[in-house]
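Participant: These are the residues of each chain, in order.
Number of protein chains: 2
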Amino acid sequence: MAIIVQKYGGTSVGSIERIENVARRVLATQKAGHGVAVVVSAMSGETNRLLGLAHQITEKPDPRELDVVAATGEQVTIGLLAIAIQKLGGKAQSFMGFQVPFDTDAAFMKARIRSVGGEKVQAAIQEGYIPVVAGFQGVTDEGHVTTLGRGGSDLSAVALAAAVKADVCEIYTDVDGVYTTDPNIEPKARRIPRISYEEMLEAASLGAKVMQTRSVEFGMRYGVKIHVRSSFEDGEGTFIVQEEPGMERLLVTAVAYDKNEAKVTLVRVPDKPGIAAKLFGTIGQANINVDMIIQNISSQGSTDLTFTVGRADLPRAKDIVEKIAKEVGAERVETDSNIVKVSAIGVGMKSHAGVAAKMFTTLAKEGINIQMISTSEIKVSCVIDQKYTELAVRALHDVFGLAEPGKNG
Amino acid sequence: MAIIVQKYGGTSVGSIERIENVARRVLATQKAGHGVAVVVSAMSGETNRLLGLAHQITEKPDPRELDVVAATGEQVTIGLLAIAIQKLGGKAQSFMGFQVPFDTDAAFMKARIRSVGGEKVQAAIQEGYIPVVAGFQGVTDEGHVTTLGRGGSDLSAVALAAAVKADVCEIYTDVDGVYTTDPNIEPKARRIPRISYEEMLEAASLGAKVMQTRSVEFGMRYGVKIHVRSSFEDGEGTFIVQEEPGMERLLVTAVAYDKNEAKVTLVRVPDKPGIAAKLFGTIGQANINVDMIIQNISSQGSTDLTFTVGRADLPRAKDIVEKIAKEVGAERVETDSNIVKVSAIGVGMKSHAGVAAKMFTTLAKEGINIQMISTSEIKVSCVIDQKYTELAVRALHDVFGLAEPGKNG
Chain A
1 MAIIVQKYGG TSVGSIERIE NVARRVLATQ KAGHGVAVVV SAMSGETNRL
51 LGLAHQITEK PDPRELDVVA ATGEQVTIGL LAIAIQKLGG KAQSFMGFQV
101 PFDTDAAFMK ARIRSVGGEK VQAAIQEGYI PVVAGFQGVT DEGHVTTLGR
151 GGSDLSAVAL AAAVKADVCE IYTDVDGVYT TDPNIEPKAR RIPRISYEEM
201 LEAASLGAKV MQTRSVEFGM RYGVKIHVRS SFEDGEGTFI VQEEPGMERL
251 LVTAVAYDKN EAKVTLVRVP DKPGIAAKLF GTIGQANINV DMIIQNISSQ
301 GSTDLTFTVG RADLPRAKDI VEKIAKEVGA ERVETDSNIV KVSAIGVGMK
351 SHAGVAAKMF TTLAKEGINI QMISTSEIKV SCVIDQKYTE LAVRALHDVF
401 GLAEPGKNG
Chain B
1 MAIIVQKYGG TSVGSIERIE NVARRVLATQ KAGHGVAVVV SAMSGETNRL
51 LGLAHQITEK PDPRELDVVA ATGEQVTIGL LAIAIQKLGG KAQSFMGFQV
101 PFDTDAAFMK ARIRSVGGEK VQAAIQEGYI PVVAGFQGVT DEGHVTTLGR
151 GGSDLSAVAL AAAVKADVCE IYTDVDGVYT TDPNIEPKAR RIPRISYEEM
201 LEAASLGAKV MQTRSVEFGM RYGVKIHVRS SFEDGEGTFI VQEEPGMERL
251 LVTAVAYDKN EAKVTLVRVP DKPGIAAKLF GTIGQANINV DMIIQNISSQ
301 GSTDLTFTVG RADLPRAKDI VEKIAKEVGA ERVETDSNIV KVSAIGVGMK
351 SHAGVAAKMF TTLAKEGINI QMISTSEIKV SCVIDQKYTE LAVRALHDVF
401 GLAEPGKNG
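Respectively, the protein sequence lines represent chains A and B. Just so you know, we're using this note's numbering here: the first sequence kicks off at 1 and counts up by one. Just so you know, we're using this note's numbering here: the second sequence kicks off at 1 and counts up by one.
Hints were generated in silico from the structure; no laboratory data involved. Mixed in with the good hints, there may be bad ones.
Copies of one chain are not kept apart here, so a pair can be met inside one copy or by any two copies together.
Pairs of lysine to aspartate or glutamate, DMTMM-like flavour, derived with a Cα cap of 25 angstroms [claimed, not checked]: (1) 60 <-> 20; (2) 60 <-> 17; (3) 91 <-> 142; (4) 91 <-> 105.
Please read these numbers as outputs of a predicted model, since none were measured by experiment.
Chain A extracted, bound-state conformation:
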């Protein structure tokens, strides 16, 4: 008997009708001879409604109490889904975070999982039950309720799959898999049947919205095979797995873009040691994540220093940088949130040169100026003017041959 953990997001359980639909899918999997546990999110809109109530009281509600309120969203779904499975003749039992348990640290609203006790869920599966587990929530050593933050339910599913040694963790979502790029921009985008954890990690952090980085990371660390599928139609979806010999070896697997960054430039900073350390130390202390950093070569004793942050953090980052600019005698600070980061991703480029060159040439041919560049072993990213997003994505998708499976660009 294979053990399968299935995860359904808010849209998939957004109404009683859809919950009943999920119940049918889960039961069908069990009837096919598998052991099944299911992890669910709050009904779509519910988490926002709950947080909204708290924010009616104050702009900054206590994170511990916010988690108590927010955790009810998933709790309602597990009860309803268990009832729906039972109505169809199945055996089901719901599990809240503290009942599994998902042990976490006490960082409310963004708790990290420390360990997952799989025993009770495993025992229930063995007895023919379908455990219906609340995603997104956990419990501290001291019994406080926590939530895991954005993408938390995916993480719950992957962590549970690791704990019960599941053969696969199926993530049901409103898209039918991971694509070579955003199909809304490039109609020729193709579903990727298998992608490595590393590539998926890059894709997620570079703007692909299918799965959050932390769930993929967790899956990679514990070797959980993840299967992204549509909850509305049958289809083969995308497997996220260990890089394996049989995998399609394209140089580039996907083209991603991220409109969520903003650029900050310190113009004409005196070229003295310690300034960058001071700047990024202060920004780090303010809990602002910096993505790309570029420092041009010095000319006439001064230099330009450019970096990107999340767009939401730009106002805070600007305040900090302007203060430091005065202190160190920089000429001025410029910011630009009208940018996009376009990336080519693929484990294939590890062993091949030329991907970066091909990317720069392609963008140049389209008349697109590259503002910043950053590379890793399996990706090349360029920051460009946001208005070129679609043009750049389509040109790169095309030049790397992603529309035609098996053909390298």
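Guided by the hints, dock chain B onto chain A, whose structure is given.
Facilitator: Just chain B now, kept in the frame of chain A:
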């Protein structure tokens, strides 16, 4: 430092504004120098909304899962109230049922409290926190979430008060105390400043809606002083306490009525041993509560057997009785749900005769026929035609002198 447990019902926390109002009241109590814990219900309408979702799936949802869903109602309130208290500068921490814990048996939807761990709540009070505790919910030995059924939040409050050795348990509700009778029927009804547990128990079981029997019973058993007060206006409310020498000694303390019963009569039952045992045994097995039972004296070898049940149980009771009527050769079965039970209650009547006689005379004077009578040490109840409810209540309230404090009827 006195320890006060305050309980606010669904109407009192029915909106964000009202929750903020409760926060102010709770804080004011703490600022007056007391240690305070607060127990709350779900926002009004919320429990019904949640149960409604489950009933959209099936008419008979699994009680365990229904409790998982229903318990979220109180959970939302405790988080919001804790946030509201913090916003006003107070220290607050919410407690779910499993966090206190309220240990219960596994009778889902109507669990009974086995024990309450008061240590964490007590410690929080000592540290200057206001513990905000979810009413209505508990947890079994095995970690399943339970709910306590009707009136559960009052019970939670009284049980918590016992566990933390509170000086008083204040029940805030939409009335400002216990009255000599229903003020909607008798405008001269008077608030009772102090009432004994025994009288309150009778009043609750005889139709007074202020508090459920089980909370009063619990308070009586553990000697918890209960104070019923209005959550919308300041006032002295009603203390429910041990009978004490200083208490006002009226023969009759209150007049109650209950429209929630129905009458069943087996006409001309053969007068043989074992028939009543069989009848009430079967009804008991069907989980139907029988209140009053009357058997007339036998004439010509047969008798009439009359009893009352809750109105909601009448259809089921009728089915059972009609089956048994055939088996034992009774002539026919008659039912009547057009009745009311009117009761006079008072510890004073323990040591005085004549209350029953005065009651019968008063009803007779008004031309009201008494269909059934039942008495205990501290109450006399009569079943009459429902159309006489108001007439009977006013006449009895008057004849026992309840409108004028200190004067016995």
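Participant: Need the list of violated hint numbers for this structure, in ascending order.
Facilitator: Checked against the structure, no hint fails, so every one of them is satisfied.
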